[in-house]
Amino acid sequence: MKNEKWREETGLRAVEKARSPSDFIDVEHGLVDRKIFTDEAIYKDELKRIFGRAWNFMCHESQLPEVGSFFMNYIGEDQVIAVRDREGVIQVLINTCPHRGNTVCRAEQGKTRSFMCAYHGWNFDLNGDLIGVPGLDEFYRGGLKREEWGISKAAKVQSYKGFVFATLDPQSPDLDDYLGWVGKLGLDLMGTDRELVAVPGVQKNRIRCNWKLAVDNLFDWYHPKISHASAIRSGFFDEKLLYPADQMVMLGEYGHAVSGPKITMAEEEALAALSDSERRAVFDSLPGQSWRFTESAAETLGPVGIKSRGHPNIFPNLWVSTGGTQLCLRVPRGPAVTELWWFTFVDKNAPEEQKRKVVRMATHFFGPAGLLEQDDGENWNHSTRTCRETMTSSRRPLNFAMGKGQDMVEVDPSGQSRVETVINEHAQLWLYRSWADWMEAEDWPALIANHAAEPRGRI
Amino acid sequence: MRIASESNAGTRNPDGLPESLDAKVRLQYEVEQFLYEEAALLDERRFAEWLDLLTDDIHYWMPIRRTTTAKDTENEFTEIGQMAFFDDDKELLTARVRKMAVGYAWSEDPPSRTRHFVTNVRLIAMHGDDITVEANFHLYRTRLESEEDGWRGRRQDVLRRVGSQFRLAKRHIYLEQTVLLSPNLSNIF
Ligand code: FES
Ligand SMILES: [Fe+2]
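Heads up: the protein sequence lines correspond to chains G and F, in order. For reference, each letter of the first sequence is one residue, going 14 to 472 in this note's numbering. For reference, each letter of the second sequence is one residue, going 2 to 190 in this note's numbering.
Keep in mind that the hints were calculated from the coordinates and are not lab data. Any given hint could be a false lead.
To be verified - Derived DMTMM-like pairs (lysine to aspartate or glutamate); straight-line CA-CA distance at most 25 Å: (1) 171(F) to 182(G); (2) 91(F) to 45(F); (3) 169(G) to 150(G); (4) 91(F) to 366(G).
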């Protein structure tokens, strides 16, 4: 009954006795307790300890072009409104009226002069100030101080090159420090030297899975050959593109990571031998990616980053995807429900033909009808479901050990570090290890003091 | 199914549709029969035969719908050229069908069990060989043990007379949902 004894062998405590989140993650052996994918109490704790403290992606500045433009999003399960106020500043308001809790905004996007609550008519300015109260004199008779009853707001709102993030925790470090070099590299893999604009239309759909399984999949270069076999066999995708042998992994503080294919030596040499225009032509088959072969991209991404064609995740749930043309947010909607929100971007100054190609490719790659993505959801759904089954699930952890103990972190003279290897699960395990750090920490100072440092040497 | 050429004859309304009740009823019947036969092919998973019903220039499109305020409803659906759930030409639809046929298409293996309901069929206009038709639809899908999804909405189709047959030249699908409540769209609407 070896399998039944795995806890003693690996040092993981029985679920019933688990005292703290790190008991669920066995970093040394690359094992993760299934309970973290289904447990209601753990999920509630994640909303507070992870989403309630992290910098959460809201939208791109181009989605809020004018004063009063707004876009609805979530921080954990709290609905929030990102809105451009009268000063042109982006505010993030919590979508709940301080009077009786009703929402003050019910459209998912649009433009407004103020947010008027549909219950009793309290009216809020674009910066959240309470500017109108029906019966303020007649009924409240001086008993309501308007300045005390503005709408609640995110503690901080900051942008990185046009990507707007918000945190509910006033103790959180600034966005720049939070992202660190890996998080910033992740966003820079969107091609941030270009003038990016969001294409109208965010695809949103609901998968019956735990949000973490959707996140760990974005690092998963093991599954395409099987999960997406039909897309490959039908000639739609190149197997080499979906199952590349050369992989590179970058692991950053607080759980950010980039994992996936690396430009091979042969490709590098071939590309180096080309002229700028020839290099651009190479990437015409992957619309929207010629930016990678510019001097400024090399400078922004750094000597290691420029070689990555991998998938970044900005912890906790923002996937930078499709070669820098899309972002996908994994929005938690319950322990076993996750919404996928796909944002698509084009270079404002690109030729129209190029923009059309990007949009077309985005439409049929990913999204619920995407020839790739349509085969993903059921796997995550069933992984979530079996983790809920009581008997076996409480005994056998999931295996995240691919490559464990077999690779080295190399540090470039530039300071950028990475693992160069074959297909592996380093980034997934890093995600869960960081998850435990976040779940253990009582507050931001504790998280800053106790989170895992970027690994060095053998991992 | 074969269609009678007589429905082309007779006087026309400004929308191009025949004026006489007889001709209208006949056209309505022919259009409905085409839509029902087409739906049956999809439910029977005879996708290759379904592809034969499409013109080479078909545009199969499902925009994204958004929850907007009443005064902003012109922004409810994304426009052509913006993001969509489907924005397919014949080549892409053929690729979808091929994908289901080559094996390992897990979202459809085991196959989904679907039922297409097409109702409220209205003839909107007829110009040359093209007849614009609007219909309501309900696509019910169940798969595996107990998975269930359903989509309702409006379709705007263009049926084109090609010889003695209709072909589908356009299908624009307008869903009622904004956040799709289904894990994927691996079926044909
Ligand atoms: S709940 Fe908003 S005004 Fe009363
Ligand atoms: Fe996938």
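* To do: Enumerate the violated hints, using their earlier numbering and listing them in ascending order.
  => The structure breaks hints 1 and 3; every other hint is satisfied.
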